[in-house]
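Colleague: Listed below, chain by chain, are the residues.
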Amino acid sequence: MVVCVQIAPPDFDRMFGALADHTRRDIVRRAIDGQEGIAELASYYPMSFAAVQKHIAILERAGLVTKQRMGRRKVVRTNLEGLRVARRLLDQYEVLWRGRINRMTELVNDSSRERDR
Amino acid sequence: MTVTAVRKDPQALSLTLDAEFDASPERVWQLWADPRQLERWWGPPTYPATVTKHELRPGGRVEYHMTGPDGDQPRAFWDVEEVDAPRSLVVSDGFANEDGSPNTDMPMNQFRVTISEIGAGRTRMSIISTFPSTEAMEQLMAFGMEEGLTQAVGQIDAILAEDAVAQTAAPGT
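The listed protein sequences derive, respectively, from chains A and B.
Add 257 to a position in the first sequence, counting from 1, and you land on the number used in the working numbering.
Add 1 to a position in the second sequence, counting from 1, and you land on the number used in the working numbering.
Wrong hints could be hidden among the right ones.
Rough simulated footprint, nothing fancy, chain B against chain A, three-plus residues with beta-carbon under 8 Å [stated by the list, open to error]:
id, region
1, 280–286
2, 351–361
3, 364–371
Distance condition first, Cα-Cα at most 20 Å in a straight line; then the derived EDC-like pairs of lysine to aspartate or glutamate [what the hints assert, rightly or not]:
id, chain 1, residue 1, chain 2, residue 2
4, B, 54, B, 100
5, B, 9, A, 351
6, A, 324, A, 297
7, A, 324, A, 293
8, B, 9, A, 348
9, B, 9, B, 19
10, B, 9, A, 283
11, B, 54, B, 94
12, A, 324, A, 290
If you're looking for bench data, these hints aren't it; they were derived computationally from the structure.
Backbone N, C-alpha and C fix where the C-beta goes; we use that ideal spot for every residue, glycine too.
Build out the structure end to end from the sequences listed, making use of the hints.
Modeller: So this is what it looks like as structure tokens:
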């Protein structure tokens, strides 16, 4: 059996909208293992089963989680590809700060050279 | 190498960078506390920053603009939240409108700077930057593209291109 894991070109609006909510980010984190179904996930939150189901549906539409069959159960699993996009954004931010820190280092080194002169 | 550690947490939407300098904490603090020095490292060479207001105290505000190669001058500001010279600083960085008022359509990015002496004339500076949401992160990085701060355009294009390739290459069975 060939399992085809494929994501459409990321729909950024949808993805970011989905991740903008604390509960949904928490679901994404818990579902990385892909061991729990909706009912189990719902037990972590002080809200109705239906509300959690709705959150999961939003995540699913955004391509951040998928529902998969595991034996007789259906489990929710995080789509790590989706998370990768968020990570890429952090990578870009890292580049920005690395540039700044390089310039800071130059400044600090320049001033200590001047002092030594 | 100056940057000694980087931690990225996509779920917590935070980036932590540790850097070490051959200088005292006071010297490193000056990079933030002296507006003329801040101007020399905040923006890249292609988008130098000009600091027009610099109130480094809790509740104070730092105002600056960047000047691009085409003469464009995006304005921005910091809301200064905590200051403990020369040890720590917490600010929220945001974008401003033409008249200098905060642009409330754009999210803010908070960062905490911690400076500590690690001995032998060396100082560690730690920066923890957090975003309110992934959407905010994306929006801010989109602005970074305009500023030429990163190769963000190319990177986003690369992600999209990669995903498009992955999609065409993925077996249909």
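Colleague: Which numbered hints turn out to be false for this structure?
Modeller: none
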